[in-house]
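*Asks:* In the order they appear, the protein sequences are chains A and B.
Heads up, the first sequence is in this note's numbering, so the first residue is 1029 and it goes up one at a time.
Heads up, the second sequence is in this note's numbering, so the first residue is 1029 and it goes up one at a time.
One side of the interface only, derived from the structure: several residues of chain A facing chain B at Cβ under 7 Å:
#1 Leu-1038
#2 Pro-1048
#3 His-1059
#4 Val-1094
#5 Met-1101
#6 Leu-1103
#7 Leu-1104
#8 Ala-1119
#9 Tyr-1134
#10 Asn-1137
#11 Pro-1184
#12 Gly-1309
#13 Ala-1326
#14 Met-1329
#15 Tyr-1331
#16 Thr-1334
Covered stretches of chain B, as calculated for chain A (at least 3 residues, CB under 8 Å):
#17 1051-1063
#18 1077-1088
Don't read these hints as lab results, they were simulated from the structure.
Since the model is a prediction, treat every value here as computed from it, not as a measurement.
Positions of the beta carbon are idealized from the N, C-alpha and C atoms, including for glycine.
Protein chains: 2
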Amino acid sequence: MTSIQPGGSLLTRRRRLLGPSLSLSYREPLHIVRGEGAYLYDADGRQYLDCVNNVAHVGHAHPRVVEAGIAQMRLLNTNTRYLHETVVAYAERLTALLPGHLEVAYFTNSGSEANELALRLARTATGRPDVATVDVAYHGNTQRLVEISPYKFNGPGGAGRRDDVQVVPLPDPYRGRHRGAGAGVAEAYLSESRAVLDERAAAGHAAGAVIAEAIPSVAGQIVPPPGWLAGLFDAGRAHGAVPIADEVQVGFGRVGADMWAFGAQGARPDIVTMGKPIGNGHPLGAVVTTRAIADAFANGMEYFNTFGGNPVSAAIGLAVLGVIADEGLQEHARVTGARLLGGLRELQADHVSIGDVRGVGLFVGFELVRDRATRDPHAALASELVNRAAARGVLLSTDGPDHNVIKIKPPMVFSGGDADRLVETVDAVLTELRSSQEQAGTALGDSRGGRIDSMS
Amino acid sequence: MTSIQPGGSLLTRRRRLLGPSLSLSYREPLHIVRGEGAYLYDADGRQYLDCVNNVAHVGHAHPRVVEAGIAQMRLLNTNTRYLHETVVAYAERLTALLPGHLEVAYFTNSGSEANELALRLARTATGRPDVATVDVAYHGNTQRLVEISPYKFNGPGGAGRRDDVQVVPLPDPYRGRHRGAGAGVAEAYLSESRAVLDERAAAGHAAGAVIAEAIPSVAGQIVPPPGWLAGLFDAGRAHGAVPIADEVQVGFGRVGADMWAFGAQGARPDIVTMGKPIGNGHPLGAVVTTRAIADAFANGMEYFNTFGGNPVSAAIGLAVLGVIADEGLQEHARVTGARLLGGLRELQADHVSIGDVRGVGLFVGFELVRDRATRDPHAALASELVNRAAARGVLLSTDGPDHNVIKIKPPMVFSGGDADRLVETVDAVLTELRSSQEQAGTALGDSRGGRIDSMS
Chain A
1029 MTSIQPGGSL LTRRRRLLGP SLSLSYREPL HIVRGEGAYL YDADGRQYLD CVNNVAHVGH
1089 AHPRVVEAGI AQMRLLNTNT RYLHETVVAY AERLTALLPG HLEVAYFTNS GSEANELALR
1149 LARTATGRPD VATVDVAYHG NTQRLVEISP YKFNGPGGAG RRDDVQVVPL PDPYRGRHRG
1209 AGAGVAEAYL SESRAVLDER AAAGHAAGAV IAEAIPSVAG QIVPPPGWLA GLFDAGRAHG
1269 AVPIADEVQV GFGRVGADMW AFGAQGARPD IVTMGKPIGN GHPLGAVVTT RAIADAFANG
1329 MEYFNTFGGN PVSAAIGLAV LGVIADEGLQ EHARVTGARL LGGLRELQAD HVSIGDVRGV
1389 GLFVGFELVR DRATRDPHAA LASELVNRAA ARGVLLSTDG PDHNVIKIKP PMVFSGGDAD
1449 RLVETVDAVL TELRSSQEQA GTALGDSRGG RIDSMS
Chain B
1029 MTSIQPGGSL LTRRRRLLGP SLSLSYREPL HIVRGEGAYL YDADGRQYLD CVNNVAHVGH
1089 AHPRVVEAGI AQMRLLNTNT RYLHETVVAY AERLTALLPG HLEVAYFTNS GSEANELALR
1149 LARTATGRPD VATVDVAYHG NTQRLVEISP YKFNGPGGAG RRDDVQVVPL PDPYRGRHRG
1209 AGAGVAEAYL SESRAVLDER AAAGHAAGAV IAEAIPSVAG QIVPPPGWLA GLFDAGRAHG
1269 AVPIADEVQV GFGRVGADMW AFGAQGARPD IVTMGKPIGN GHPLGAVVTT RAIADAFANG
1329 MEYFNTFGGN PVSAAIGLAV LGVIADEGLQ EHARVTGARL LGGLRELQAD HVSIGDVRGV
1389 GLFVGFELVR DRATRDPHAA LASELVNRAA ARGVLLSTDG PDHNVIKIKP PMVFSGGDAD
1449 RLVETVDAVL TELRSSQEQA GTALGDSRGG RIDSMS
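The task is simple: from the sequences and hints, build the whole structure.
*Replies:* Here it is as structure tokens:
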């Protein structure tokens, strides 16, 4: 796990040099040196099945993506103040994947930069700074994005909700106020959401934007009831708010049924933001919006992004889109995701600690609970499962406000066999833990091991 | 300049697909397809001497930097939740270039992300949101960074100064209220700056941060009087504000006399931000701060940056530092910059339109004026010079609030011969323009040609 170097072990040097706000995954941190497809390899050559890195969307070190980057790096990497074919070709191909009214692209270097720009676009178009956001959401690491991320501002070190931020309820069918898949569940959440928006509008603070993920991720892989996102965007539109779909975690075919998670929900955003998987690890983000919003934003203040839309980033983004199409990864995600969900649901029959299994395509989660009736979250078990699975060569992570959701969002090349191995490993670890608890006559305590965070 | 493609020319397609807030350089936009060293090449094979892209710090497509990126891209590109040698080695090498109290590094994907994080660090450490900034400064493209950038909030489309932003005067020895290089000039600006900070502190709004570039760039390559930055930081410290040196434009040896522009000014920041040249075009930024500030920021809220500090970015950043050292680029910038400044100052004798020549190392500017006595800015001449120089194969840009400053910040491999060619081209174009005006009996009007912006 560590290398002997002047100045101490790799872990010691890292702790001395890198900001302490940055966490490492797993009780025994991994020293990963190579990746290929859905697999990572540590310094000792040990192989790990990667079930968490949605950033490596088309597979770690995908040769076609790597070669596209290499060819362009050797030629030219410069900014968008000159004409370049690749950035235009990329914008053409990307916008062609979206509904026709989403036709103008901006390129950034991260999902955070994309969400920042989306908020600026909406604010300039509406003249209103207020943003409506979903409870427990996370949208990025800038000042303003932390301010609209309840996951952050209500969490440790958070400053609470600002007056210009409106929080609508998280539509959680398992743990929320309104539960199940019934026709009235979406409407029950939407009714409460409209009340929040209406009240602030009546007070003279109508939202200028409503931002949401179609499948809230850090909230614990929540699959909202059908119609929720479309209804939420309608509620915002009623007050003139620009609907923003944050596809940073869930875009690019991961949900299987559609290229975009908002599409799978039947919603119609006026701004879509992208990040993480868009460049298969290369720092890249994008915002696509309507002509009207783009024109309103062109108010004389230039938006320039030094690296955004450079030829290397564009070549890499274009290659990722090519691989998704040519390798049929969207359909693969649908099929493999269904197999994975099926396997996890079978496990539920054997393990009472699995309270809920949910997901769409290759964006999947399951909740660990102390008691199926009370749904009491079991964070300690989740942490223990993740650490023991890592020791068995299967990389998972936890998420959700109670840290009890196992989050699964592998590279899209994750195979059916990989899904089976993941299910078998969860089965084996939960069986092992149950057996050791039964022998000891105690339940796992609540002390958590190495922190496993979420937003990777 | 354009390629025939389905859907129209490259320029037409770009205008249809990319956000209209993004400008192109030059009246006849360039279609650049290749770069090497200090040179760019267009689609017709025409060579241009690049005098403006400080991002391509060690030269366009530098083989060592490209190969470092390639080798790592082929192996692995993932996040900082695993141990990796390269990011730690990079942090070691980068912090070793800074004063000893600056010892903790954070990696981002751009200078904007770096400045955002710097403000969040200062705000968390002090508990105070107010930021003191220098007039006409630009610090990045996020909501908060636009709010602290007078260049933006006082410019077209700007919303004006917010109450939590304090603006101190730009120490412009040529055009400001206090002029020249006398010993009292810095103190005159500092006295006014202290008055701003003191007044806000007395009103209960003491600044939590004071941010400045040691050589204000978009303000027009302003070289402040000696001692100014150290004095400004002291003025902030008197109120407990964290001093932030924004080295995004001017760092990494460009000023010649020192690796950092703040060092050349004898200032002592507690946070330093970096971007643009740091990755030679690769999306990369960094923040380095003190242990105390880093510890205060670790208040329970994680700072995670999906792409920040990934092994590819770190390998590229490390290679850039290696090239700067091994090719002696800091000393080269000092020598070549002096030659360039000397040449431009000689031109001043022949061309009354050159009102001022200034710079440090390879960060140089000169002002075009209608009248040396009144210093009336001549934006039309600046624009004409830049466009005609481009037609002669020499790329320049304009900057400054009056758009009359010619900004020069070439790749650091820019040679003495390149400097001579730049001077000769400026001489030839100004001579040509003077002669055509004399023949026509008119002065250039004020209509500007293709917009040449600044922040590239």
